[in-house]
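Trainee: Dock chain B against the given chain A, drawing on the hints supplied.
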Amino acid sequence: MTAPHPDTWLRVLPQGLYCEPGDFFIDPLRSVAHAVITHGHSDHARPGHGSVLATEATLAIMRVRMGEGRAGETQQALDYHTPLTHQGVDITLVPAGHVLGSAQIVLDWQGSRAVVSGDYKRQRDPTCAPFEPVTCDVFVTEATFGFPVFRHPDPAHEIAKLLKSLTIFPDRTHIVGAYSLGKAQRVIALLREAGWERPIFIHGALTALCALYEAHGVPLGPLLPATGASKDDLKGAIVIAPPAAAADRWSRRMNDPLIARASGWMRVRQRAKMAGVELPLVISDHADWDDLLRTVEETRAPEVWVTHGAEEALIHALSLRQIRGRALSLIGYEDEETSSEEEAEA
Amino acid sequence: MTPFADLLERLVFTPGRLAKLALLRDYFTHTPDPDRGYALAAIAGDLSFTAAKPAMIRQIATDRVDPTLFAWSYDYVGDLAETVALIWPGSREGQAPRLSEVVAILSETPKSDLPAVLAGWMDVCDASARLALLKLITGGLRVGASARLAKIALGEMAGVAADDIEEVWHGLAPPYGPLFDWLSGRAAKPDAAGAPVFRPTMLAHPLEEADAAALDWAGYRAEWKWDGIRVQLVATAQGRRLYTRTAEDISHGFPEILAAMDFHGVLDGELLVMRDGEVAPFGDLQQRLNRKSPGPKMLKDFPAGVRLYDILFDGDDDLRGLTFDDRRVRLEDWYARHQPPRMDLSALIPFAGQEDLAALRFGARAASIEGLMLKRGDSPYLAGRPKGPWWKWKRAPLTIDAVLMYAQRGHGRRSSIYSDYTFGLWRKDGMLVPVGKAYSGITDQELAFIDRWVRGHTIARFGPVREVEKSLVLEIAFDAAQTSNRHKSGVALRFPRISRIRTDKPAEEADKLDSLIARIPASGVAKGETLEEEG
Numbered sequence: 001m002t003a004p005h006p007d008t009w010l011r012v013l014p015q016g017l018y019c020e021p022g023d024f025f026i027d028p029l030r031s032v033a034h035a036v037i038t039h040g041h042s043d044h045a046r047p048g049h050g051s052v053l054a055t056e057a058t059l060a061i062m063r064v065r066m067g068e069g070r071a072g073e074t075q076q077a078l079d080y081h082t083p084l085t086h087q088g089v090d091i092t093l094v095p096a097g098h099v100l101g102s103a104q105i106v107l108d109w110q111g112s113r114a115v116v117s118g119d120y121k122r123q124r125d126p127t128c129a130p131f132e133p134v135t136c137d138v139f140v141t142e143a144t145f146g147f148p149v150f151r152h153p154d155p156a157h158e159i160a161k162l163l164k165s166l167t168i169f170p171d172r173t174h175i176v177g178a179y180s181l182g183k184a185q186r187v188i189a190l191l192r193e194a195g196w197e198r199p200i201f202i203h204g205a206l207t208a209l210c211a212l213y214e215a216h217g218v219p220l221g222p223l224l225p226a227t228g229a230s231k232d233d234l235k236g237a238i239v240i241a242p243p244a245a246a247a248d249r250w251s252r253r254m255n256d257p258l259i260a261r262a263s264g265w266m267r268v269r270q271r272a273k274m275a276g277v278e279l280p281l282v283i284s285d286h287a288d289w290d291d292l293l294r295t296v297e298e299t300r301a302p303e304v305w306v307t308h309g310a311e312e313a314l315i316h317a318l319s320l321r322q323i324r325g326r327a328l329s330l331i332g333y334e335d336e337e338t339s340s341e342e343e344a345e346a
Numbered sequence: 001m002t003p004f005a006d007l008l009e010r011l012v013f014t015p016g017r018l019a020k021l022a023l024l025r026d027y028f029t030h031t032p033d034p035d036r037g038y039a040l041a042a043i044a045g046d047l048s049f050t051a052a053k054p055a056m057i058r059q060i061a062t063d064r065v066d067p068t069l070f071a072w073s074y075d076y077v078g079d080l081a082e083t084v085a086l087i088w089p090g091s092r093e094g095q096a097p098r099l100s101e102v103v104a105i106l107s108e109t110p111k112s113d114l115p116a117v118l119a120g121w122m123d124v125c126d127a128s129a130r131l132a133l134l135k136l137i138t139g140g141l142r143v144g145a146s147a148r149l150a151k152i153a154l155g156e157m158a159g160v161a162a163d164d165i166e167e168v169w170h171g172l173a174p175p176y177g178p179l180f181d182w183l184s185g186r187a188a189k190p191d192a193a194g195a196p197v198f199r200p201t202m203l204a205h206p207l208e209e210a211d212a213a214a215l216d217w218a219g220y221r222a223e224w225k226w227d228g229i230r231v232q233l234v235a236t237a238q239g240r241r242l243y244t245r246t247a248e249d250i251s252h253g254f255p256e257i258l259a260a261m262d263f264h265g266v267l268d269g270e271l272l273v274m275r276d277g278e279v280a281p282f283g284d285l286q287q288r289l290n291r292k293s294p295g296p297k298m299l300k301d302f303p304a305g306v307r308l309y310d311i312l313f314d315g316d317d318d319l320r321g322l323t324f325d326d327r328r329v330r331l332e333d334w335y336a337r338h339q340p341p342r343m344d345l346s347a348l349i350p351f352a353g354q355e356d357l358a359a360l361r362f363g364a365r366a367a368s369i370e371g372l373m374l375k376r377g378d379s380p381y382l383a384g385r386p387k388g389p390w391w392k393w394k395r396a397p398l399t400i401d402a403v404l405m406y407a408q409r410g411h412g413r414r415s416s417i418y419s420d421y422t423f424g425l426w427r428k429d430g431m432l433v434p435v436g437k438a439y440s441g442i443t444d445q446e447l448a449f450i451d452r453w454v455r456g457h458t459i460a461r462f463g464p465v466r467e468v469e470k471s472l473v474l475e476i477a478f479d480a481a482q483t484s485n486r487h488k489s490g491v492a493l494r495f496p497r498i499s500r501i502r503t504d505k506p507a508e509e510a511d512k513l514d515s516l517i518a519r520i521p522a523s524g525v526a527k528g529e530t531l532e533e534e535g
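These protein sequence lines map, in sequence, to chains A and B. For the first sequence, the UniProt record's numbering assigns the number 1 to the initial residue and increments by one for each residue that follows. For the second sequence, the UniProt record's numbering assigns the number 1 to the initial residue and increments by one for each residue that follows.
Extracted from the complex, chain A is given alone in its bound form (with noise of 0.2 Å):
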């Protein structure tokens, strides 16, 4: 008998994608009974959920943002590499290179494999696990980057840049918008790579996740609270911030300040302005143009499915190269390079 085509058990509902042999969800736009979460940004990990199930450091991500008792009545770790049968369906977490814990989900029912990979990049990130393609029928895929106008560039590059603006601009406080969950760790860790040993500021916002890293074996280095520091102390410092809070009232009590924004998103001038940043690193958690064709082509998919960005380029590039892409059209999937993050004064 030949395997089931994964379109006749993983369907999209209002709710999000659905495994209907396992009655699970892969992260549910709204509360469900059963979901299976890829990672921690919030826009895939939502509150109030029954069983929740992901990486050990998804759920712990999970705890910090939305508290305890909103992060899934029940909760069950499944380490990598590790299947774990329920109802039939063989469910494996693998890397999937985003951010600390994140994960993707791979399916086997009845001999067929679909890969749902959430949100994933190739680039090295000494932060969290790197990506592994996994071969498979089916292949969903983000496609937030999905012009071939966008290639990240190696972020060294993009740090140094940052780096020779201290020497050009000594006493400025230099501020980088980086979100609080997954860039913000990666933008602290490669500082540390290009050996910039001071302390660095961070806003209250990062606080916990950054602790949170640290006991997950991310050394991140001194790291001292941005709130209550002198403008003394923030000459010539580095400071990394949520983008909106960077980019408002907040900096004010730096020390004439410089706004930075590290995002994918910066590639573009129109939307580097837009941002009304002075400094714009292209750094993204998410894969580039030539990372998602080359992650397709590396799991051998006949069948891509594609969740959420700019998928008619995307699915268009498959076609001419003879792999059948659809448009699942989830809405609700924000990159989190845009979206407008807590305005929270912290």
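Don't read these hints as lab results, they were simulated from the structure. By construction, the Cβ of each residue, glycine as well, lies at the ideal position given by its N, Cα and C atoms. Hints are not guaranteed to be accurate.
Listing some non-contacts, in silico: residues in chain B with all C-beta distances to chain A over 10 Å [as the list claims (entries may be wrong)]:
hint, residue
1, Ser48
2, Leu215
3, Ile250
4, Ile349
5, Gly371
6, Arg409
Facing chain A, according to a computed beta carbon distance under 8 Å, are these residues of chain B, among others [what the hints assert, rightly or not]:
hint, residue
7, Phe13
8, Thr14
9, Ala19
10, Asp66
11, Leu69
12, Ala71
13, Ser73
14, Gly78
15, Asp126
16, Ser416
Mentor: Just chain B, lined up with the frame of chain A:
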């Protein structure tokens, strides 16, 4: 190419003048010759290529990228050169060419070989260098810094005054080897003898009340302050030039003035549109300033002239060390000898004391007069803006009470503050229409007040712009109003700035648009007599 591209990229995103200077200094300090010279030329607008047309760069891109993907990407990015720079597939290993190499090769490459040469460069450049390259060869390079700013940065780097650089500048050509040799201490200051170079201008300070009270009025001479633009006329055996006071060469825009400069010397004066000796409003001159090369109709309808007020060189004779009074004698003598067409002398205004001048200033009604100039009789001609010898005593500004409509966050230091304001006046039908934008004029406390107010009274957001409740009245000071077909209201203000926040005034009582329009003279500009003057 890479350091130059990095500089351009940073300048594009850097709003602050001091920060731009720091970036330029860093570049000029760390970049070798002759690359930095060509970069300077690019900034000064002296380096442009038009060899490549947009169609060509689109072609080299679509040779490598699927045309559908290219078209979608272009729609997304919105700029052709940027799309090509970003979409260019993977770089080859190798060194990006130096700027000087690009300039040298471009000048000797036949047009038919250009696509291949360009593609070869693109392969070894990163995205920002590719963009700089494409902008450079299509003649579309826009640098976020002026030539003047670059010269100030060079001056700071080398410890010389930017004005000293101006003195030699117009005798040099890219990549300005002698200039950099001098700035690096390898050679003496380049000799500009005989070349029609710019001489640094002497500028005036605004006369504040405290200054006026302490002034030794008898030591000063008075002239009208004409509402044109300050120019320097330079004519030598080697050529004729018309410069603005920031050393910009505007000779091409004013051929009739150049034709009239049949002399050898350097003169200082005001460029004006004049009809039969009558000075036309500034708006008329603006018509001419907007044109790089005016047509015959333009020359006939907006005839330019120069009102002379100083002489720096008579022949090769440097008069800048003489006192104002002595230079005035020389100027009158020179004028009597040459009688150049399209030029006249700025008259000295006789006065007995401060009261006379105050009355004249208050009574000045002509649209072409901005106020008075006071110049010390015993002062030499000094470069820059020394405090004391020259004062400008401007007529009090006009004001209107307008309603705040939109606010936008500023840049740099002000990037967290709603500091750019669009304000409007009431139209007959009860609609509020925008008449201008202002960024300056208020204290930090007032700024903080408006910022808070904007955040508390936002009714809509359009990207970075907030629309606010139409209830805050701002008193706007401005120098003149003129008709404009670019504004919905049909009016544009010159130098609008916020003079006061009128929290005491209800928005309904703000000024009417008609009261502004009705008073714009047919020739274009409204001046002091027509609108309420601030006491």
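Trainee: Starting from the hint list further up, note which numbers the structure goes against and sort them upward.
Mentor: 6 and 12
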